[in-house]
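**Q** So the sequence lines, in the order shown, correspond to chains A and B. Position one of the first sequence corresponds to residue 1 (the UniProt record's numbering), numbered consecutively onward. Position one of the second sequence corresponds to residue 1 (the UniProt record's numbering), numbered consecutively onward.
No lab work stands behind these hints: they were computed from the structure. Just to be clear, a hint being listed does not mean it is correct.
[Claimed, not checked] Examples of chain A residues lying across from chain B (beta carbon under 7 Å, computed):
(1) Leu185
(2) Glu187
(3) Ala188
(4) Asp190
(5) Ser191
(6) Phe192
(7) Gly193
(8) Ser194
(9) Gln198
C-beta atoms are modelled at their ideal positions from N, C-alpha and C, and glycine is treated no differently.
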Amino acid sequence: MSSIPQIPLASWIDSFVDWLVQFTGFFNAITNFIGGINNAFQWVFDLIPIWLFIVLVLALTFYVNRRDQRWGLLIFEFLGLLLIWNLDFWRDMTQTLTLVLTSSLIALVIGIPLGILMAKSHVAEVILKPILDFMQTMPAFVYLIPAVALFGIGMVPGIVASVIFAMPPTVRMTNMGIREVPDELIEAADSFGSTEWQKLFKVELPIAKTSLMAGVNQSMMLSLSMVVIASMIGAMGLGTKVYFAVGRNDAGGGFAAGLAIVILAIILDRLTQSLTRDHRG
Amino acid sequence: MSVKVEVKNLTKIFGKHIGRAKELIKQGKTKSEILKEAGATVGVDQANFKIDDGEIFVIMGLSGSGKSTLVRMINRLIEPTDGEVLIDGENLMKMDKKKLREVRRKKMSMVFQNFGLLPNRTIIENAEYGLEIQGVDKTERRKRAKKALEQVGITGYDDEYPDQLSGGMQQRVGLARALANDPQILLMDEAFSALDPLNRTDMQDQLLDIQEGLKKTIIFISHDLNEALKLGDHIMIMRDGEVIQTGTPEDILTHPANDYVEEFIENVDRSKVLTAGNVMIRPVTINIDKAGPRLTLKRMKNNEVSTAYVVDNKRKLIGIVDANDVIGLVRHDSSDLRSVVKTDVPTTNEETPISDLMDDISQTGIPFAVTNDKGQLKGIIVRGAVLGALAGNEVSEFE
Numbered sequence: 001m002s003s004i005p006q007i008p009l010a011s012w013i014d015s016f017v018d019w020l021v022q023f024t025g026f027f028n029a030i031t032n033f034i035g036g037i038n039n040a041f042q043w044v045f046d047l048i049p050i051w052l053f054i055v056l057v058l059a060l061t062f063y064v065n066r067r068d069q070r071w072g073l074l075i076f077e078f079l080g081l082l083l084i085w086n087l088d089f090w091r092d093m094t095q096t097l098t099l100v101l102t103s104s105l106i107a108l109v110i111g112i113p114l115g116i117l118m119a120k121s122h123v124a125e126v127i128l129k130p131i132l133d134f135m136q137t138m139p140a141f142v143y144l145i146p147a148v149a150l151f152g153i154g155m156v157p158g159i160v161a162s163v164i165f166a167m168p169p170t171v172r173m174t175n176m177g178i179r180e181v182p183d184e185l186i187e188a189a190d191s192f193g194s195t196e197w198q199k200l201f202k203v204e205l206p207i208a209k210t211s212l213m214a215g216v217n218q219s220m221m222l223s224l225s226m227v228v229i230a231s232m233i234g235a236m237g238l239g240t241k242v243y244f245a246v247g248r249n250d251a252g253g254g255f256a257a258g259l260a261i262v263i264l265a266i267i268l269d270r271l272t273q274s275l276t277r278d279h280r281g
Numbered sequence: 001m002s003v004k005v006e007v008k009n010l011t012k013i014f015g016k017h018i019g020r021a022k023e024l025i026k027q028g029k030t031k032s033e034i035l036k037e038a039g040a041t042v043g044v045d046q047a048n049f050k051i052d053d054g055e056i057f058v059i060m061g062l063s064g065s066g067k068s069t070l071v072r073m074i075n076r077l078i079e080p081t082d083g084e085v086l087i088d089g090e091n092l093m094k095m096d097k098k099k100l101r102e103v104r105r106k107k108m109s110m111v112f113q114n115f116g117l118l119p120n121r122t123i124i125e126n127a128e129y130g131l132e133i134q135g136v137d138k139t140e141r142r143k144r145a146k147k148a149l150e151q152v153g154i155t156g157y158d159d160e161y162p163d164q165l166s167g168g169m170q171q172r173v174g175l176a177r178a179l180a181n182d183p184q185i186l187l188m189d190e191a192f193s194a195l196d197p198l199n200r201t202d203m204q205d206q207l208l209d210i211q212e213g214l215k216k217t218i219i220f221i222s223h224d225l226n227e228a229l230k231l232g233d234h235i236m237i238m239r240d241g242e243v244i245q246t247g248t249p250e251d252i253l254t255h256p257a258n259d260y261v262e263e264f265i266e267n268v269d270r271s272k273v274l275t276a277g278n279v280m281i282r283p284v285t286i287n288i289d290k291a292g293p294r295l296t297l298k299r300m301k302n303n304e305v306s307t308a309y310v311v312d313n314k315r316k317l318i319g320i321v322d323a324n325d326v327i328g329l330v331r332h333d334s335s336d337l338r339s340v341v342k343t344d345v346p347t348t349n350e351e352t353p354i355s356d357l358m359d360d361i362s363q364t365g366i367p368f369a370v371t372n373d374k375g376q377l378k379g380i381i382v383r384g385a386v387l388g389a390l391a392g393n394e395v396s397e398f399e
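Construct the entire structure; sequences and hints are all you get.
**A** Right, here's the structure in full:
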């Protein structure tokens with residue numbers, strides 16, 4: 001191997017990132033935009049009193065499960081949120097929630113159209129598939145480095161890294177859901193003279209809904225798994241507590257914050273799953 | 001009757017090297033030769049036919065015969081490789097997307113084998129789909145969808161979902177959805193094939209009933225000859241993408257174009273083992289040794305028939321009498337019933353296969369009398385019962 005010169009892959013990527021950095025204006029705009037969404041969520045969460053927040057979560061759970069009430073979940077949510085309040089993790093929890101909601105929202109807004117494109121175009125599928133594989137398998141840490149270079153320190157690079165890591169399931173499941181719509185339904189839609197848009201909104205998306213929502217649920221869980229990693233570049237929240245506990249060798253503090261993440265994860269998971277279950281419109 | 005749909009040289013080739021395959025078809029090569037030389041599969045090979053306004057045209061063939069491909073080319077769900085589809089003389093192949101969409105919305109609707117209902121929509125929402133995408137306003141389309149559902153006999157299920165209904169009911173909704181647009185042409189792709197036999201017969205009867213009132217042009221795809229014979233004004237038989245024979249049910253039964261069609265028909269006959277004994281019905285009989293003209297007339301009146309079969313004490317067939325002749329006797333106060341009995345009645349025995357009788361039955365107006373070897377009258381064969389039996393109906397009115 002010594003006779004073959006080493007391929008300077010690392011320096012190529014460095015120069016690519018350096019080249020990107022010159023578009024400061026563009027990345028600033030993105031930073032401001034994402035920061036804006038993030039701050040809006042945080043502002044709302046800071047505004048709501050804790051007791052009201054808990055009531056709202058319980059009410060939402062009650063509403064989405066109205067046809068098939070799950071009392072166990074309601075009790076779990078009530079006790080779990082009280083525990084987070086009691087442990088004084090409330091503001092950290094809302095920061096983490098903000099990060100998850102913002103990145104999920106962005107992943108959804110970008111991911112669903114990409115999934116539709118992928119389902120409709122063979123070329124798009126061939127191009128997107130390896131990119132999605134890459135996004136999902138590249139260790140999430142790696143995204144942090146260019147994210148800092150381009151978006152600075154704080155919530156925004158954390159959100160960007162989360163979006164990249166969490167988006168693939170939404171894209172994939174949207175693609176799969178649309179491709180699995182039975183041929184006969186597509187033929188029925190066409191034979192009655194639907195336009196492409198009518199077919200998409202009246203037939204394909206409603207029928208792909210279950211699979212699409214499963215993708216959203218997965219994306220949300222993946223972005224939640226990014227919170228500790230994102231805390232390394234200054235994204236505040238429960239992740240920060242865990243990250244600091246690691247540095248201080250504080251097992252108790254680490255587990256307590258970890259438990260709060262688990263509670264949040266379970267609540268988000270069950271809520272989105274309830275939306276996934278087919279209530280027929 | 002005017003021609004509604006005309007198909008000229010309609011061809012579909014699947015696979016690669018389609019240009020080459022087209023040339024090979026024109027050279028008259030067979031399907032397997034084309035598959036070998038060009039690697040292309042001929043789905044439909046230069047189909048030509050005309051469909052009259054208001055008729056039921058059945059395209060019949062086994063799976064792989066190209067019948068489903070053919071019907072999908074008529075509304076261009078499948079893009080033909082070659083040929084023309086003319087609807088009211090307008091070439092569908094020359095239409096752009098927008099024009100084609102108009103035709104699909106206004107002129108023809110399709111009914112699918114597995115119903116093709118949207119599972120996330122209620123019955124009424126399914127029925128109004130075609131109108132909804134045309135932008136018909138909500139109250140108007142509800143009204144029209146409801147009317148269509150009533151036409152097919154589905155009421156009170158508006159807010160149910162398709163999976164809450166049986167297969168037969170679902171297909172009625174499929175039919176209602178197609179009718180709601182008030183199309184001139186209905187394409188029905190194996191529409192009743194997924195239903196159980198009882199439901200299928202029901203739906204066939206219902207389709208004929210609806211057709212009686214609406215007089216749509218219906219293109220019906222089927223793999224079942226009994227169904228084809230029952231529904232079709234004309235039947236087109238396909239095999240391996242080629243049209244083998246087109247004709248009325250009687251044409252097909254009496255003059256099968258080749259061995260393939262003959263085998264089909266034989267299968268039908270063999271499966272039903274249809275003999276004269278199977279399809280005969282009980283006639284109104286008069287015992288000439290007991291009854292005079294007045295009693296005869298009374299019996300005929302009670303049974304609402306204009307001809308009665310005359311037998312003797314041993315039920316031996318003498319002949320038939322016509323109501324007018326009997327009325328004549330009564331007027332002249334004659335009691336000689338024998339003088340008006342016509343004895344030239346066509347007869348046959350119970351074991352005769354009806355395929356042997358088809359020709360004669362279609363020509364004579366008088367029903368065949370079925371007798372046993374002692375000449376006793378067992379029953380009669382009327383035309384309707386024969387066709388009904390061929391189409392798979394049980395002969396039920398044995399009275």
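**Q** Which numbered hints are broken by the structure, listed smallest first?
**A** none
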